[in-house]
Structures are given as C-alpha cells and as structure tokens.
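Peer 1: Each chain is listed here by its residues.
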Amino acid sequence: MWEFLTNVFSIVFLAQLIRISIPYILAAMGGVFSERSGVTNIALEGIMLNGAFAAILGTYFTGSPLFGLFSAVICGMLTALVHAIISIRFKADQIISGVAINLLSVGLTKFFLKIFFDSSSNSARVEGIKIFKIIPGNLQIIETINQIIGNPFIIFTAIIVVLSHYVIFKTVFGLRLRAVGEHPEAADTLGVKVNRIRYVCVLLSGCFAGLGGAWLALDQHQFTDGMSNGRGFIAIAAVIFGKWSPVGAAAACLLFGCAEAIQITLQSVGSGIPSQFIQMLPYVLTIIALAGFIGKSTSPSAIGKPYECE
Amino acid sequence: MNDGKKKLLIEILTPIFAVALALLVSDILILLYKESPLKVYKILLEGTIFNPYGIGQVIFKTTPLILVGLSVAFAFRTGLFNIGAEGQLYLGAFAAALTGAYLPAGTPFIITVILCILSGFLAGFIAGFIPGILKAKLGSHEVINTIMLNFIIMALVNYLVVTYFKVPETLHTKDIIENAKLTRLYEYFPVFKGSASNISFFLSLLACLAVYIVLWKTKFGYELRAVGFNPSAAETAGVNVKKLITLSMAISGGLAGIVGINFVLGYKYYFEEGFSSGLGFMGIAVALLGKNHPGGVIAAALLFGILSQGGLVINSVVPKELVDILQAVVIIFVVAASSEVRRLLFKSAK
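In order, the protein sequence lines correspond to chains A and B. 573 is the number of the first residue of the first sequence in the numbering used here; add one for each residue after it. 54 is the number of the first residue of the second sequence in the numbering used here; add one for each residue after it.
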C-alpha cells in the first residue's frame, strides 16, 4: 500500500497522467464545439485515427514533426468536413454518419499503411516533438518536470482549453454557437447564420481531434493500426461528464486519465484490483451522470437535429 | 406510375446507386495501388459467388450480419438507435458458449441448442434492457448509453474470461459439448465442403420471418411501429410508450445476443476474446441499407457478406481493407442520398 501511495504522489505519476490525458482533452474540446452547436460527433474516434496517421506521414516525408502536426490538422478537418457535409448539407442522420466515418478511417489508414509503409500493423519510426530544457540539471526529477513544462504541446493544449472556454462563454461567437445548439429557429430569426456556425464548429472539432491523434502518434514515434483505440469515445464521455463546458470536459479527461494512470501503477506494483474494472470507470461514470445521479447532464436541446430553414 | 410505386422504386434504386458510386471510389483506390479494377473485381466474384466453397463462406459471413442487422432494424422501427449491438452480441455469445460448455455431456442435441440460443438471447436481452429502461424512465439518450455499455460489457466479459473461464495459455473458453455443435451445411450439400457455414443460417432467416410477423402482423408490433412514427401520438392513443421503448431495446439486444451462435456453436465451438471485431457497427450499415425491413436486411447482409469474404480473396492483389472502405463509402452515400431523396419526395408531394 505504501509503495502504491508513494508511486501515486510522485511527479512521474503526474507526467504519466498528463501524457494520457492530452489526446482526450484535445478531442473533447472538439466534441464540445461540435455538440454545443448542435451536431453530434461520434466521428471523433475516426478523426483522431486519421490525424494520427497524417501526423506520421507528414513527419516521415518532411522530417519535421511541426509539419506532421500541420498535416494532422488538415486531415482532421477534411474528415470532419465529410461529417459536416453529411449532417448539415444533406441533413442526414449524424450518428450513422459518425459510425460510417469511423469505419472509413479504420479502412483508409490500414490501406495507406500498406501503400506507404508496406505493413499491416505499424509505420516506420519518426522523430517526436522536441522537448525544451526549461530547468537545467541532470537529476531524474528535473528531467521529468522538464518533460511537462518543456513540452510545447502540453502548454498549447492548456491554452486551447482556456481559450475555448472563453470563446464559448464570453464572446459573441460563443453566444451565437450556443444559441444555434439550443434553439436554431430563434437564432435564425435574429439573423445568425445557423449552418455556417455549425460548419465552423464541426471543422474546429476536426482540427482539435486531429491534433489529439497527432499527439498519440508522435508520442509513440509511430503509427500503429487502430491506435485511437476508443479514445474518441472516452472524449465524448468526458464532454457529457463535463456538462458540455470546455473546462469541465478537460477536468473529466484528467479524471479519466488519472484512473488510467492508477491502473498502470497498480499493475506495476501488482495489486488485486483487476485492470478491467478501472477501464470501465469512465463509461460507468458517464452513464450515471447522464441518468442524473450526480447532477443532471443535459445536452444542448437541438443536438443531432438538422436545421430545416423555413 | 402512382406515388406509392414511385416511392418504392426510388427506395430500391438509392442503395443500388450508392453501391455504384462507392465502386467508383474503390476503382480510384485500386488504381492508386497500381492494379486493374476489373481484375480485382473478377477475382472477388470468382472467389465468392462463382464457386461452391466461396458461396459457403459467403453464407457463413452473411449469417451473423443478418441477425445483427435485424437487431438494429428492430430498434429503429421503434425510433431507437441501438449502437450497443457490439456489446450485446459479445455478452450473448459468451453466455451461449458457457451454456454449451457446462451442460451435462449427455443432453440431447435439440435441448442443448435451444438452451444455448435462449441463454444468448437472454444475455443480450438484459444488455439491451438497461439502456431501454434508462431511456424510458430517465430520458437518458440510448446512443450514448449503448456506446458506454459496449465498453463496459467488453471489459467485464474479458475479465470473466481471463480470470475464471479461459483454457490455460489461450484467450478462449473451453469447448462446448459435442451435442451443442451445429451441423455444417456441407453435410447436406457436399459442394460446400470445407466451408464453416452451418444451420444457424436458417436460424437467422427464421428470425427475420419472426420479426416480420411480430412487427407487421400483431398488435404489439403495430404499437411498436406507432411509437417509432410518433411517440406522442401513440401515447395519446393509449399506448404505453415507456414499456414499449424498454421492451423494444431489450428485444433488439436479444436478437444481437444470438449473433454469436454462428461462431460459437457453428465454427470455433468456444467463445474467444475479441471475436466480434466491429460486427455491431456493421449491423447499423446492414439495417440502413436494408431500409429496416427484414427482407432488405437479408439482401444487405448478403451484399456485405460477399464483400467481407471478397476482402480475403483479393488480399493477394490489393489490401483487403479496400472492402472496409467500400462498405463505409456505401453507408455514407446511402445515408446522404436517402435523406435528400426523402426531402425531394416530400417537396413534390406538397
């Protein structure tokens, strides 16, 4: 027990927790924007996968992880655009569209994995994100601290969360996008371009979820088949658990990430708690939150409904 | 041509048109891979519907697709979206495998098989009942709950398999008893020699017939569809909407629960971790393409069955993932086209 506690209250554990949570947080920010504007986005899973692959491909061909990130954003937005066109232009079922895009992404990434890397399981290794040495020194603990505060991606993610929260709750655009998600007819009457705002929000979700995928891949220095591995769904769970607010969703992601980090620690010290039970935790919590047992989570009221202009 | 016939024609033409468009996309991908599309399609057809073993394998792949498509379609008819088929079929297959493995070895064939199917159905029924009752009583959305339950059920079943039921050094349960093994089709039709297709194919057709009768020929089915059309109108007419929502989701789960019979009782004779690999999501595609009608479901499942067997056949020339892409593109075109068509029809009717 003591060993477990010292393991948990350590800076290494914190670094682990953050590493696990970053892709959740990024995808969840995407989920918040999309769902707040009234478009359900279970395609997050597929967008992440595509983003991860694009990040590796971009880095592989240019040698620069920065270009990899750029490719991930573009690819994520393109994938989201498909979802946007199906849901907004064609007013089709958003859940089915999401399911189809997830299936498509699995197929496409495997197909191109064979074309570019001649493998059915993983890509070649590429360079990861450069870590800056903020605090000088060679001690193990300083090294770990540097890995957190010296990683531009982590800082960037924190900025995105704060900025998203500000944009959604404090700006005119945010007010409009919430109005579009709650009551599109009223927003339209007031001259808000409902569908244009929805397009922007879904594309933003593609940008963020793509970045989340990029983190996954660059952190591992390679793409492996199906590497998003349900993370997009955890992000959706976090959006609900965080009651559709960026800060709330990010906190939920940290909570889920914490559970996962504890599971890894428990495994290393060999405890009796089966890892599967900790895996279930985010999903069980989400069902409970949705059922209203710990403060009712209520979705934006126009979610999943295409807007029919009169 | 009257309006009804015109509508039916369009309903049938949309999926065909979508498949044609999707083939165009796959042509481009095949060309990217520097292969000839014609050659690939020729290999695909020769390996599936133009030789007896291929036909047997197509039947084997089609069987679970029919049942899982039927499960999703059943819920759809009541206006519910069951994304949880993946978890429900996992739990159902696990329950069927345990029943088959732990019944006394002397139990007669008919009784064993019926008990296995019932336990699968019941397990799926419970897995579907949970999101159903949550939706009916608390109004929480069944889509999110079924997605979450998928992960919960998989983790739970994997835990049970690994901790209590696995054969050492493997990830599967112990073999079912001899009397639970379903007869392979080649014992009646020797041309299918070597293929794993088995009599659960007839079970899936029977299930389609049963669903058709229940939904279209009984009062219960009429009420279910009424809830799907317009829940508040159904409520006003005295239908117990909450009860029907719960039941519909549970029955949909039950149908998903027997999807694994084909694999567990007909092929491997045990439950194996991760055997379903996305079948539940394919069910959504099958239901969509089959217009949520048992007959349509059979046709759509057959198409996807041919494609999924076809993927294995063409793998030597182009990556088999090509058919995954093809299937996803078909869904995208169908879902986009069908809502567009509906709007056009609606407009012209005004």
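Everything labelled a hint here was simulated from the structure, so no lab data went into it. One or more hints might be untrue.
Rough simulated footprint, nothing fancy, chain B against chain A, three-plus residues with beta-carbon under 8 angstroms [said to hold, decoys possible]:
(1) 658-669
(2) 678-684
(3) 753-760
(4) 793-801
In silico EDC-like cross-links for lysine to aspartate or glutamate, where the CA-CA straight-line distance does not exceed 20 angstroms [stated by the list, open to error]:
(5) Lys765(A) / Glu880(A)
(6) Lys877(A) / Glu393(B)
(7) Lys705(A) / Glu715(A)
(8) Lys373(B) / Asp797(A)
(9) Lys663(A) / Glu88(B)
(10) Lys373(B) / Glu699(A)
(11) Lys686(A) / Glu88(B)
For each residue, glycine too, the CB sits at the ideal point set by N, CA and C.
Peer 1: It remains to establish, for every hint, whether it holds in the given structure.
Peer 2: Here is what the structure says about each hint:
Closer than 8 angstroms: that is the beta-carbon criterion, and the stretch 658-669 of chain A has 8 residues meeting it against chain B, so the requirement of 3 holds. Check result for the stretch 678-684 of chain A against chain B: holds, 5 residues qualifying (beta carbon to beta carbon below 8 angstroms, three or more required). Residues of the stretch 753-760 of chain A with a Cβ under 8 angstroms from some Cβ of chain B number 0, which does not satisfy the need for three, so the listed coverage is violated. Restraint check on the stretch 793-801 of chain A versus chain B: 0 residues with Cβ-Cβ distances below 8 angstroms, three needed, restraint violated.
Under the criterion of a C-alpha separation no larger than 20 angstroms, the hint pairing lysine 765(A) with glutamate 880(A) is consistent with the structure, at around 12 angstroms. Pair hint lysine 877(A) plus glutamate 393(B) holds up; C-alpha atoms about 15 angstroms apart against a cutoff of 20 angstroms. Our distance criterion of 20 angstroms between C-alpha atoms is met by lysine 705(A) and glutamate 715(A), whose separation comes to about 8 angstroms. Pair hint lysine 373(B) plus aspartate 797(A) holds up; C-alpha atoms about 14 angstroms apart against a cutoff of 20 angstroms.
Distance check on the hinted pair: lysine 663(A) and glutamate 88(B) sit about 36 angstroms apart at the alpha-carbon level, beyond 20 angstroms; violated. Our distance criterion of 20 angstroms between C-alpha atoms is broken by lysine 373(B) and glutamate 699(A), whose separation comes to about 30 angstroms. Restraint check for lysine 686(A) and glutamate 88(B): satisfied, since their Cα atoms lie roughly 14 angstroms apart, inside the 20 angstroms limit.
Hints 3, 4, 9, 10 from the list above are not met by this structure, while the remaining hints are.
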